[in-house]
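With the hints as your guide, set chain B onto chain A.
Protein chains: 2
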Amino acid sequence: MVGGGQLARMTQQAAIALGVRLAVLAARPDDAAAQVIPATTVGDEKAMDDLRIFAKQCDVVTFDHEHVPASHLRGLQAAGVVVRPGPEALIHAQDKGVMRSRLAAAGIPCPRHRIVSDPADVVAFAVELTAGAPPPRDLFGQAAASSPAAGPSGLATPVVLKTTRGGYDGKGVWPVRSADEAAEPFRAGVPVLAEELVDFRRELAAVVARSPSGQAVAYPVVESAQRNGICVEVVAPAPDFPDGLAVEAQRLALAVAAELGVVGVLAVELFETRDGRLLVNELAMRPHNTAHWTIEGAVTSQFENHLRAVLDLPLGSPVAVAPYAVMVNVFGGDPPDMYSAYRHCLSRDPALKIHWYGKEIRPGRKVGHVTVLGEDVNDLRGRARHAADYLRGNIDD
Amino acid sequence: MVGGGQLARMTQQAAIALGVRLAVLAARPDDAAAQVIPATTVGDEKAMDDLRIFAKQCDVVTFDHEHVPASHLRGLQAAGVVVRPGPEALIHAQDKGVMRSRLAAAGIPCPRHRIVSDPADVVAFAVELTAGAPPPRDLFGQAAASSPAAGPSGLATPVVLKTTRGGYDGKGVWPVRSADEAAEPFRAGVPVLAEELVDFRRELAAVVARSPSGQAVAYPVVESAQRNGICVEVVAPAPDFPDGLAVEAQRLALAVAAELGVVGVLAVELFETRDGRLLVNELAMRPHNTAHWTIEGAVTSQFENHLRAVLDLPLGSPVAVAPYAVMVNVFGGDPPDMYSAYRHCLSRDPALKIHWYGKEIRPGRKVGHVTVLGEDVNDLRGRARHAADYLRGNIDD
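These protein sequence lines map, in sequence, to chains A and B.
Under this note's numbering, residues 1 to 397 are what the first sequence spells out, in order.
Under this note's numbering, residues 1 to 397 are what the second sequence spells out, in order.
Since the hints were derived computationally from the structure, they do not count as laboratory data.
Each hint should be verified, as a subset may be incorrect.
As the list claims (entries may be wrong) - Here are the simulated BS3-like pairs of lysine-lysine, each with C-alpha atoms no more than 27 Å apart in a straight line:
| no. | chain 1 | residue 1 | chain 2 | residue 2 |
| --- | --- | --- | --- | --- |
| 1 | B | Lys-366 | B | Lys-171 |
| 2 | B | Lys-46 | B | Lys-171 |
| 3 | A | Lys-56 | A | Lys-46 |
| 4 | B | Lys-171 | B | Lys-56 |
| 5 | A | Lys-56 | B | Lys-359 |
| 6 | A | Lys-359 | B | Lys-56 |
Unchecked claim - Not close to chain B: a few residues of chain A, all C-beta gaps over 10 Å, as computed:
| no. | residue |
| --- | --- |
| 7 | Gly-97 |
| 8 | Ser-178 |
| 9 | Ile-295 |
| 10 | Arg-308 |
| 11 | Arg-343 |
These numbers come from a predicted model, not from an experiment.
Just so it is clear, CB atoms sit at the ideal spot from N, CA and C, and this is done for glycine as well.
In isolation and in its complexed conformation, chain A is listed as follows (with noise of 0.2 Å):
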C-alpha cells in the first residue's frame, strides 16, 4: 500500500485476520501505519525510483491516497507490476475534470460543470447557469432563489471553484459570489473545474468495492457532515433515506466502479437535493473516512474488502451488524491532559470503539476517531459527539 497514513493502518487489522503481509511505503518512519506495520520502506511517493523499488516485494500495489502521478503508475506497469486500482480507474479519483466529463458521458447525474479559464469564464458560467437548464421550480414555475440580475461585481448565481488535482479536505475548492473572489483558484495554475452551487439537502456517501473480476459489494449509504470541506461525522445507515432511494444510490457507486474499472474500494460522495435528487460530488477509490464505521459496524469492514478485492479474493458481506452506526472524527486540540482524556472516555461508555492513529496531535489535524453502534440514532450521535469533544479538549464534563 502506497501512503503510510491511518488508512494503510487500519488495513493492517484486516491483514492481520487475512493472512495476508501488508508492505507500506511511507514518507516518514514514525507514520500512523509505519508504526504497526514491519514491512514499511521510507520512500517518496512522488519518486519513479522508490515506488519501483517498493514494488518490487509486492505481488499488487494499492493506495491509501490518490497522490501518486499517473505517469509513474504506467511506469510501474510497464514493468509488470499489478497496480490496482489502476492509473485509467485512478485517475477519476486524481482528476475532477477528466472525473465530470467522464460521469456526464456516462449519464451519471452530476452538478452541472464546465472547466473555465478566467474569471470573466466564471462570470460567464454563471450566467449559463441561470440561463440553462432551469434549476428546481417552485409551486409557480419560477426559479426564486437567485436572481440574474446580480451587482457588477456579483455572479448571476454562486458557483464553486475547484481546482481538477490536489485537493482534499476542502483544499483546493473555493465557493466564490463575485468575480474578485473568483480570481484565487486560478493562481494555483492548474486548470480549475466551475459547477453549480447545489442547494443540498445533506451529504451522503454509496461505498461499494469491486473486484478485478467485476464482482461487486455495496454498504448500505450512509449520511456525512463536513464542517469545512472535511468530514466530521458519519450516520449508517443514513437516517430518514426512502429505500428506493438508497438503492439508486448503491446502484449509481456500482455503476461508477463498473463503467470507470474501479478495483478495490470506491466511495461515491453524493449530494441530496432538497428535491430529492441525487447528484455525484467526489470519488475516491480506497478505504474511505466515510466508511470506518464498517470496522465494527458491517460484517466485513471496507479495509478487509478492500483487501480481498484487490487480491481478487471473494468479496465479503457489507451487511450491518445493528440498526446504526455512528462514527466522528477526533481532531487534534488543546486538551490538558490527552491520556486522561482518553481514559475518561472509555470509562464513561464502555461500549465506545476508540481508534487512535499514533498521530502527533496538532490542532485540526484528524488523529482518531470514535464509532458506537445500536438502535437510537440520537443517542448514538450524542455518546461519539461527546467523546470526540472531550477527547479534543472542548469539553471538559
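Showing chain B alone in chain A's frame:
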C-alpha cells in the same frame, strides 16, 4: 508481550485501534506475531538477559503463554519492571499442583485431587476416590459405573494424571486405568497431580478480564469442544445452559481472578458434570482460544480487554453482539492447494470470518480459526465446521 504466537498477533489488532505500541519477544523472526509487529525482539523467553533487554522498552510486560519462569518474573519486578499478571498470580496457571491447593483452600469447586509420588500412590489415590465422597449414585443408590473390585493391574477407578508443569494443549495429561499406565507421567521428573476422572456433560469456559484496580468484566460463558485435549470448537454462549448456572460460572471465574490477584484476561476452563455441578479444570492468564469469538462477537474483544487491563485502562463492554457465535479452529492438514481452499471458503460463505496466523502449515498445528455469528446455532456450527474441514483438506465439496 512475551511470546510471538497467534495470541500476540491478534493482540496487535487491538493495539492498533487503541493506539498502544505493542512490542513482542519472539523466539523466531517469522513467528506469527513477529510478522505483524515492528517492535519485535528475537530472543529466548527463558533467558533472563533476553527478558531484561526486551523489558527495557516496555511500560508493562505481559504474556501470550505461561512459559516464563516465575523466578525470572520476580527478577524483572525487582529491577522495576511492571509485570502483569504478576508471578504470584501466574504461578497458578504454570503449576497445576499450586493451583489445585490454592483453589481448594479458597472453596472453589475442583475435581478431587492429590499430588502422587509413584504408581503405587496412584493406586492408593484411586482407592481413596472410591472410598471417599461417593460418586453420583443411580436411582437405586448404587455407584454403578466403576467397581472398586478391579483386577490386579487395574485401578479401583480411572484417574487422570497431570504433570504439574509444562503441559498445554493436551500434553502432560494422561487418563489412566492401570498401575502400568500410571508409570509414564513420572518419567518427566516433575511432580505429578492425580485427579478424579470427571463424568462431565461437557466442557465450558468462563473468561473474565480484571484490572489492577480490581475492575472486572465477565464474557458470556461458552461451550468448548476438545479433541485429544485440544480445543477444536467454541459456541458462545453455551447452548441449553440455565441462566443460574451461567451466572454461577461467571461468579466463579471472577472469584478466582480476585482470589489470585489476576491482572489481564483469565480463562477458567470448567467441567459441567452430568449432575449439574461446575468444577474448575484449568486456568490460563492470557487471551484464550475459548474467547477468540469475541473479536467479532463481543463489543470489546478479549485482546482489547487484556491490553486495557494490563495498562490499567477502564475495561470495555463484554456484551455479545449476536445471539450466537461459533468458532472452529483450523489445523494444518494436507489440502491439495491451500490457497484454493481459502478462496473457496471466502466465496462459499461471505459472512465467514477467517483468521489466518501466518504459520507454516504442519499436520495438526493450529494455523487459524474461523468465526460465524447468527441466530441458528446448528447452521453456524455447520458453516464453521465446513470451512475448517475444507481448509484442512478433510473435505473437498
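Comparing the hints with the structure gives:
1. Straight-line distance between C-alpha atoms of Lys-366/B and Lys-171/B comes to about 14 Å, which keeps the hinted pair within the 27 Å bound.
2. For a cut-off of 27 Å, the pair hint linking Lys-46/B to Lys-171/B stands: about 20 Å separates their Cα positions.
3. Restraint check for Lys-56/A and Lys-46/A: satisfied, since their Cα atoms lie roughly 16 Å apart, inside the 27 Å limit.
4. Taking the CA atoms of Lys-171/B and Lys-56/B, the gap is about 33 Å. The hint is violated against a cut of 27 Å.
5. About 23 Å separates the Cα atoms of Lys-56/A and Lys-359/B, which keeps this hinted pair within 27 Å; it holds.
6. For the proposed pair Lys-359/A and Lys-56/B, the alpha carbon gap of about 23 Å is at most 27 Å, so the pair holds.
7. Annotated as non-interface, Gly-97/A keeps its C-beta farther than 10 Å from every C-beta of chain B; the closest such distance is 37 Å.
8. Ser-178/A, annotated as away from the interface, keeps every beta carbon of chain B farther than 10 Å; the closest lies near 45 Å.
9. Not every CB of chain B is more than 10 Å from the CB of Ile-295/A (nearest about 8 Å), against its label as outside the interface.
10. The non-interface label for Arg-308/A is inconsistent with chain B: the shortest C-beta to C-beta separation is roughly 7 Å, within 10 Å.
11. Distance to chain B contradicts Arg-343/A as a non-interface residue, since its nearest Cβ pair spans about 6 Å, not more than 10 Å.
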